[in-house]
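Engineer: Listed below, chain by chain, are the residues.
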Amino acid sequence: MIAETALPKAQKYDDNLLRNLGLVGVLVILVIIGIVTRPELYSDPAWVRNNVLIILQQASGIGVVTVGMTFVIIGGGIDLSVGAIIALAGVWATTLATQSYGAAGMIFTALVVGVAVGLVNGVLIAYGKLVPFIATLAMLVSARGLAAQISGKQTQVSANETINSIATTKLLGIPLLVWILALVVAAGWVLLNRTTFGRRTVAVGGNPEAARLAGINVKRHSLLLYVLSGLCCGIGAIMLTSQATSAQAAMANLYELDAIAAAIIGGTLLSGGRGTIIGALFGVLVFSTITNLFAINNLATEVQNMVKGGIIVAAVLLQQFRYRSLTNLLRRRNVSDKP
Amino acid sequence: MSPISRRRILLGSAAAGAGLALTACTSNDTGNDAQVKTGGSGDANAAAGQKVIIGFSAPAADHGWIAAITNNAKAQAAVYSDVELRPVEAGADAAAQRAALSTLIAQKPQVIVMLPHDGKELNATGLEAMKAGIPVVNLDRAFPSAAAYRLQIKGDNYGMGLAAGQYIGEQLKAKGVGSPIIGEIPGIDSLELTQERTKGFNDALAAFGFKVANRRPAEFTADSGQAAATALLQALPKMDALWNHDDDQGIGVLAAIKQANRSEFFMVGGAGSKAAIDAITKDDTVLKATVTYSPSMASSAISLARLIGQGKGMSDLVELQVPKEITLASETITKDNASKYAKLGF
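Chains A and B, in that order, are what the protein sequence lines are. Using UniProt numbering, you'd call the opening residue of the first sequence number 1 and step up by one each time. Using UniProt numbering, you'd call the opening residue of the second sequence number 1 and step up by one each time.
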């Protein structure tokens, strides 16, 4: 944070741009591997076009959640309960009682449940002074428990055609799910980069004490970040429910880890104060593309998980290296600036 | 971590997956007898005899399959005028179940039927009951020690795979497909039951000279089934047959197939949920068959516990006593016999 603000603005953007270009590079490499290993699939333009849409579509739910997660992490927190919130929101939205209110009722329920759980997280962390890790870990356990209770441990099938058709609808040839992801990412980008809310998020995450002294209501802001994450989970729950045409207490398993990993390889500092929405989106796309690459080559998912782990480590190492070299650069400048 | 341990319980319980609404499915004893061949229709055994008190313990229902186990046991016990079922709540884990069973053993029922949280962890309790002179019927999760149970009745994971492979092989052969493209969507891949199912599947296909072209594991949940099926369909632009191990994740698999607008292949399910049997009956999806791992085993366990308590054998067999181990055959439900199985769906 300190180093960040000391940097000239243009250079900060260069830094983000470079990292994002790096992730685009990784994506390109993955696609090239795909072309080399399965040329017969890639020689069919219709298949390729469809494949791009599938990768985007399968990234959509987790992508929306990652946007919320990125805000929380930039703000110096962590939200381990995102998968559980999706499960609770999905289950609550698909009870027979909720389904009787139609699609609007189901969507409303999922969003309200997401926001409400986020609110509880936020209150516990900001005002109850619980460590985010502990508070959201407790929420992970209890929200899944409540979801299991509500669903009676059953898979609740969505009989609502409008909800189910979210996953099959296309606008201008692009799946509705991908449009939703695009909208959420765009909104997240604007919120982070073009509003005081975003500036405050960076400030609170970088140095909460300094932010407080600067007149920011740090507690209220932290609370809002968890509410935002909850809202994203509510949206994600609808998307996932529509894709699976059902919801259950065990759905969205380990989404918290995928979302955190995507945010981290997208250049978000786990200690807070820095991160980008576009980077997080690329992080999600890298994972989705790896899944696709392994599927088309019929490779075991164990190896896939190892590769994912490797990419996370590589991304963080790279980040540290860049961060160090930047601070070195700064130090040198400071020296040379001296008269 | 809660989701993982809960998942384990879910899977340990044979991963049959949750069905939709639980109907009190298998109270009909002819249906159960037909499935496990207890020969319960034999006159001598069907007639009311000496009163038997059966203690029963199964984990609290964490999904449809376990719920069906408990419901089946209760319904089957209600059929017999000479059986009194004493269910005890098994609690949340193995320790709680041990405590509950100790209390039950002290009450000296004639027989105990239990589905342990974990066969290894409840082994000592099984031994304790047997030492106290109470025969133990183990449901589905085996005890390591053969002295810990009088009867073990369980499902057949390898057989499920075998049945699915057999059906797919026969169908493709009948269609005259030379080198078919076969997809497989297992449940959680690290589980022994998944590996057994896959081994059975591969063995059956090998007999036809076929093999699996692509295999994408899911996690026994509908959303993971959707993701796995989407990836599989993308990897195989043309497919001839698909085996999905579990009807519950199958809800997501079928959704993905619909979303991808694919119908050139047929699909076989696993477990035998009510939703799957309904879909097979209606014949309006690619799902043409499912191979069973039926919770009806609980009904049979009660029938057999009654015979053990009365010192009777299975009337169709020569032996004077109930055998020690029974493994259910995995059966293939198709449109032709779906009506017969409809009441067994869970």
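What the hints contain is simulated information worked out from the structure, not anything from laboratory work. Even glycine gets a Cβ: it sits at the ideal position worked out from N, Cα and C. Among these hints, one or two may not hold up.
[To be verified] One-sided and incomplete, this derived list gives chain B residues near chain A with beta-carbon spacing under 8 Å:
#: 1; residue: Ala222
#: 2; residue: Thr230
#: 3; residue: Leu232
Engineer: Regarding the hint that B:Thr230 lies at the interface with chain A, is the smallest CB-CB distance below 8 Å?
Structural biologist: holds (6 Å)
Engineer: So, as I understand it, the hint says B:Ala222 touches chain A; can you test that by seeing if any CB pair is closer than 8 Å?
Structural biologist: With a minimum Cβ separation of about 4 Å from chain A (threshold 8 Å), the hint on B:Ala222 holds.
Engineer: Is the hint on B:Leu232 kept, meaning its closest Cβ partner in chain A is under 8 Å away?
Structural biologist: holds (7 Å)
Against the hints set out earlier in the document, no violation occurs for any number.
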